[in-house]
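Participant: All chains, please: the whole structure from these sequences, using the hints.
These are the residues of each chain, in order.
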Amino acid sequence: MSSEPATTSRISSEMAAAVGGVLSERVSYPVSESDIRRWAIAVYFPERPPREFWDRAYAESLPPGGIVAPAEFNPFAWMEAGDDPPAVKRASTHPDHVEQRLGIAGPGLRFQLNGGMESEYRAWMRPGDVITSVTRLGEYREKRGRLGLMLITMLEDRWTNQAGELVKLSHNSSIRY
Amino acid sequence: MSAAMSSGRHPVAASPYEASVGDAIPVFKRTTGLHEWNRFAAVNDEFVSIHMDDEAGRAAGFPGAIGMGRLQWSYLHNMLRAWLPPGGRIVAIRAELRAPNRNGATITAHGVVTAVRDEGGQRRVELDTWIDDEEGSRLAPGSAVVEVPAAPAYIVQADTGNL
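Chains as they are written, first to last, in the numbering used here: chain A, 1 to 177; chain B, 1 to 163.
These are computed hints drawn from the structure, not numbers from a lab. Small disclaimer: the values here were computed from a predicted structure and weren't measured.
A few chain B residues that face chain A, going by a derived Cβ cut-off under 10 angstroms, partial list only:
(1) 36
(2) 39
(3) 66
(4) 68
Cβ coordinates follow ideal geometry from the N, Cα and C atoms, glycine included.
Facilitator: Here it is, written out as structure tokens:
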């Protein structure tokens, strides 16, 4: 790594004041059976995915009745309902994407990693469901590690379906350095 | 739980109905590399240089390209789903991504039962979960809660048939 490890705090007063703010409100296109099949094939590769993710008749014979998405399925990949034109290059790959979405200056760190996830699942995601995600900035904190002073950012994400049912509550942390 | 402990030292519970505290559940194992990562990138729209390019991985402080944390997350879900009977579901899950998996590494998802509760017609099972690699390094420690109907469906059917 060419940059020197950070030794002073990267959390500006502007960033601290933004905690609790809404980063994004996203609406998915309707979930499709094809989306679910492809997700299952990818996460079980090279083995065949479980039948309930690709065989509608078999899935209908079992609870919860019909094909449902794996709980960790992402219905927002590639394009969201409000994208016009499609977001060819995802803003979320930029290390300052959180602050960019909040309209404030970011810390300007070069690298980011996924630090961990926590999810509570409620309603199933079924074909035809339209999922709305509201993501908030939960917290900033810093921790010293082998890569220097690391900035940890916690995001809170709440998913509901078109009926207003809670689908998922999650907390995700990213590590920037 | 110590880092040296593996689920192989525990008796394996075939399903949540046979589970007792201290039991392991069947593991989920994958040797991962670009074939697995590229497929996951395609469904999750996760085309990030450190998951595709050894040079980008080295620039970020790793030996080369690294796997996605979200794919480790899916492997933990796969392990739990395989253990659950029809009607079962994952209620909650948590994972701390402490280290990434390297290209060609064989990683294994593990779970050990920490609590079993029958309440309101449901059985809830809590587990310590983690992913380790072939060197025993713990990449993703965490926990999970799963839920199944308190009585398995086949027992209900058998009871009805005897009336």
